[in-house]
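Q: In the numbering used here, the protein residues as written are 33 to 903.
Take these hints with a grain of salt, some might be off.
What the hints assert, rightly or not - List time: in silico SDA-like cross-link candidates among lysine to any residue, alpha-carbon distance up to 20 Å:
no., residue 1, residue 2
1, 216, 228
2, 168, 266
3, 489, 608
4, 406, 438
5, 688, 705
6, 688, 769
7, 409, 447
8, 409, 437
9, 168, 265
10, 870, 826
11, 216, 318
12, 168, 179
13, 735, 694
14, 409, 559
By construction, these hints were calculated from the structure, which means they are not laboratory data.
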Amino acid sequence: MMEWLMSWWRKQGRPSTGRARHDSLEEVLAAAGGPRDPDSALKDLHRKFAHFTGLLERNNQVLKTMSDMEEKAGGEYFFDINYVRAGLDGLRRGVAGMIEDMVALGGADYAVLRGRLAAIDREIEGILPGSRSVEKDEFVIPLESLGRDRDWSVGAKCAGLGEMKSRLGLPVPEGFAVSAWAYKHFLEANALRERVAGRIQTLDARDFDDLARAGAEIREMILSSPVPEDLAGALRTSADALARRSPSGRFSVRSSALGEDASLSFAGQYATFLNVGPGEVVDRYREVLASKFTPKAIYYFLSHALSETRLAMGVGLISMVDALASGVVYTRDPVSPDDGCALVSAVWGQGQYLVDGTLTPDSFRVSREDLSIKRSKAARKPFRLVLRPEGGIAREEVPAPEIERFSIGEGQVQELVRMALAVEGHYEGPRDIEWALDRNGRLFLLQNRPLRVFQRKAAPSLPDLSRLQALRTGGTTVCPGAGAGPLFFASSPEELARVPDGAVLAVSHPFPQISAVMGRLKSIVTAVGSMASHLATLAREYRVPTVVLDWNGLEEGRPVTVDATGGAVYAGLQEELIRAREAEFESPEEDDIIALTKRVLGKVSPLHLVHPADPDFTPRNCRTLHDITRLCHQRAMEEMFSSGEDIKEKDQLGLKLESAIPLPVTIIYLDPDLSAACRGKKSVGEGELGSEPMKAFWAGVRKEGWPKPPAASAKGLMSVIGAHQVMGGRPEFLEKSYALLGREYMLLSLRMGYHFTTVEALCAAEMSKNYIRMQYKQGGASLGGRMRRIRLIETLLGRLGFESLSRGDFLDTRISYQSREDIASRLHALGRLAIMTKQLDMALGNDRILEWYVRDFSAKLGLDRAGEAGS
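Produce the complete structure using the sequences and hints provided.
A: Here is the structure:
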């Protein structure tokens with residue numbers, strides 16, 4: 033009997049979808065035995081509603097991630113393979129969750145999507161460069177056994193040292209790497225992975241105090257956990273052996289995280305310990321692991337959209353060089369890469385005061401062709417860092433005759449450049465190399481990473497600078513560009529928590545904690561420092577215009593414009609200068625990652641399943657991640673709104689909205705009393721909606737009425753014609769819109785032309801409950817037109833108090849903690865906007881048209897009256 037029931041059920045088709053349905057046995061029996069009671073139907077609807085809302089939320093997040101990746105691929109941002117992989121990880125999780133929701137909603141027919149996701153994922157992995165998760169390996173590996181092909185195990189820093197030592201035969205100190213496998217072993221032995229990940233997920237990366245609290249908590253977890261004895265033993269044995277081969281018998285203990293010194297530098301983010309004895313190695317190793325979670329390091333990997341789990345910490349133990357002088361070689365000038373010169377920077381003693389910006393170093397500009405020194409400048413260097421006999425380092429005054437003397441000779445400068453150019457040739461790209469000169473006159477290379485350079489596109493069309501009020505001039509460019517904002521002075525890391533968004537930060541020297549607020553800054557002015565500091569590297573990654581310039585005497589809070597390219601500070605906000613500097617440089621080293629990202633997006637973003645009535649609109653025809661999300665979104669709507677088909681009282685669940693507006697909307701009530709009131713009806717009128725948020729929204733729709741299409745620009749019209757041809761020329765509103773309604777709740781999925789809008793709102797007496805959230809995606813015109821429409825909507829909603837996040841042609845906007853009356857007023861405005869902006873993207877051919885519509889719509893909505901929407 034049971035087999036007969038199952039067989040009978042599988043043969044049943046659904047007129048609405050034209051396919052068989054395979055549900056649970058409980059539903060099979062319910063269908064075979066007759067209709068269920070309404071309570072059971074509503075319980076089933078509530079269960080499905082939970083999967084449905086979960087699917088919609090995942091869909092929104094997936095579309096947001098897609099739009100963000102597409103925007104990054106446009107070439108206006110620095111990013112690397114870690115960002116691409118992090119984005120793909122989020123897409124996989126989101127799409128996989130949508131598939132599971134879809135199976136719960138629609139049955140086993142949709143299980144085939146799991147296989148389609150796996151197949152698409154294999155195609156994406158085939159495009160990406162090879163990468164490996166943390167695999168079992170030796171705990172410690174000698175540098176001479178390493179090359180850059182082992183960065184998956186020991187990180188790029190140690191792998192790069194091994195490459196220079198073993199493959200290029202360059203002078204690199206003795207040492208060994210501690211593998212990422214050792215880090216994983218440490219975390220697992222102390223059950224730390226889940227605890228660390230849980231704390232990272234709860235913090236606010238833009239809140240410096242929260243970063244500090246979270247970092248302190250995680251570091252305490254690590255520092256209070258023992259290093260497993262097998263790992264500790266391997267560290268001690270290798271350290272003792274290295275000490276016997278090392279002239280000083282001591283080491284530097286340095287980070288070498290996976291991802292560090294690859295396409296992103298992580299410059300200065302993690303700890304380094306100098307002049308460490310063998311007996312201290314285990315404790316210092318653990319402290320380097322803990323330094324992965326300082327506020328600046330956490331901010332760095334979160335701001336680059338990197339997952340903490342992809343940044344396993346390798347560590348290097350390198351024989352300590354007792355440095356007479358130290359410094360950095362850039363094989364090209366980062367802001368003038370075509371001038372044919374390499375740059376050498378040098379200070380007395382250990383190099384920390386150079387890379388942390390405490391001192392301005394000696395500088396040399398050296399011909400790449402013949403190694404002749406084109407220009408040199410000795411800096412004032414009144415103190416230096418030296419090794420202490422008992423361990424560690426100490427600050428020491430430099431004897432007066434040496435303070436302004438060059439810390440390195442011309443021959444040594446030329447030898448450094450010769451070696452650096454050999455490294456550049458081997459890696460086929462500009463390099464940033466740290467070096468040290470010991471007291472016996474021997475040069476050693478201590479680090480090797482990619483160097484970001486800025487390529488000048490063309491001479492900028494600058495305003496007449498003589499008409500501007502110059503407050504300071506003669507500065508040294510660290511990162512080109514211009515930025516404006518109020519001056520904020522910070523003399524210590526503790527003051528950074530007060531840095532406002534959009535500030536120009538002025539500091540005495542570029543202390544490394546500044547990286548934790550880099551995302552808030554328009555520009556940085558530092559009294560001392562150089563192009564070779566860690567902060568300089570980070571400023572170029574974040575593209576924060578930065579200049580070394582004496583700012584003493586300027587007034588805090590005063591609006592200024594920093595022209596970092598020109599080495600000057602001007603009074604006021606000079607927008608024309610900022611625009612000119614923005615267009616001046618490009619970053620050609622990004623070409624490879626941009627091309628790679630575009631190839632990856634070829635398996636992510638294209639939409640082949642356009643119209644649900646097409647015979648190919650099936651799970652087996654999904655060729656991209658976007659296809660899967662499109663199909664799941666559409667079929668979930670169908671499943672959700674056809675959930676009452678097997679119920680005797682099914683007509684109480686789905687109701688047609690009767691309206692003069694030619695926009696088909698199907699309504700399902702979630703509140704039992706509203707459902708009961710509509711029993712026996714097939715439609716509901718505009719005046720009997722029963723849902724406060726829906727009544728407010730629809731009143732806005734009715735106020736505007738149904739418009740004629742706006743005049744299209746030629747470009748916009750051709751884009752829409754192209755989209756219409758792809759859509760097969762079908763009627764514009766073949767797909768229905770849907771509303772799930774309660775007395776105080778609305779979830780409206782609105783299909784208008786070629787774009788989708790989802791509006792969710794709660795409109796209750798308690799202000800703390802109330803919110804509106806709208807998400808907007810798709811469009812029929814060019815990307816430029818779609819993005820202008822997003823800017824138009826975002827501008828208007830901003831005047832209504834909404835907070836928005838836009839990525840490409842995707843908009844996510846929300847407002848909360850408003851009175852019931854204010855929520856209703858804003859929903860009314862959203863209803864009007866839905867009609868006003870219908871197909872407007874094809875008319876938005878340029879920014880001037882956009883500005884006209886902003887003014888026109890603002891006047892219509894009454895937004896010139898203190899942000900209140902007119903009704």
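Q: All hints, please: hold or fail.
A: Outcome of the hint check:
no.: 1; hint: 216 x 228; in the structure: holds (13 Å)
no.: 2; hint: 168 x 266; in the structure: holds (15 Å)
no.: 3; hint: 489 x 608; in the structure: holds (18 Å)
no.: 4; hint: 406 x 438; in the structure: holds (15 Å)
no.: 5; hint: 688 x 705; in the structure: holds (18 Å)
no.: 6; hint: 688 x 769; in the structure: holds (10 Å)
no.: 7; hint: 409 x 447; in the structure: holds (18 Å)
no.: 8; hint: 409 x 437; in the structure: holds (10 Å)
no.: 9; hint: 168 x 265; in the structure: holds (18 Å)
no.: 10; hint: 870 x 826; in the structure: holds (15 Å)
no.: 11; hint: 216 x 318; in the structure: holds (13 Å)
no.: 12; hint: 168 x 179; in the structure: holds (18 Å)
no.: 13; hint: 735 x 694; in the structure: holds (14 Å)
no.: 14; hint: 409 x 559; in the structure: holds (17 Å)
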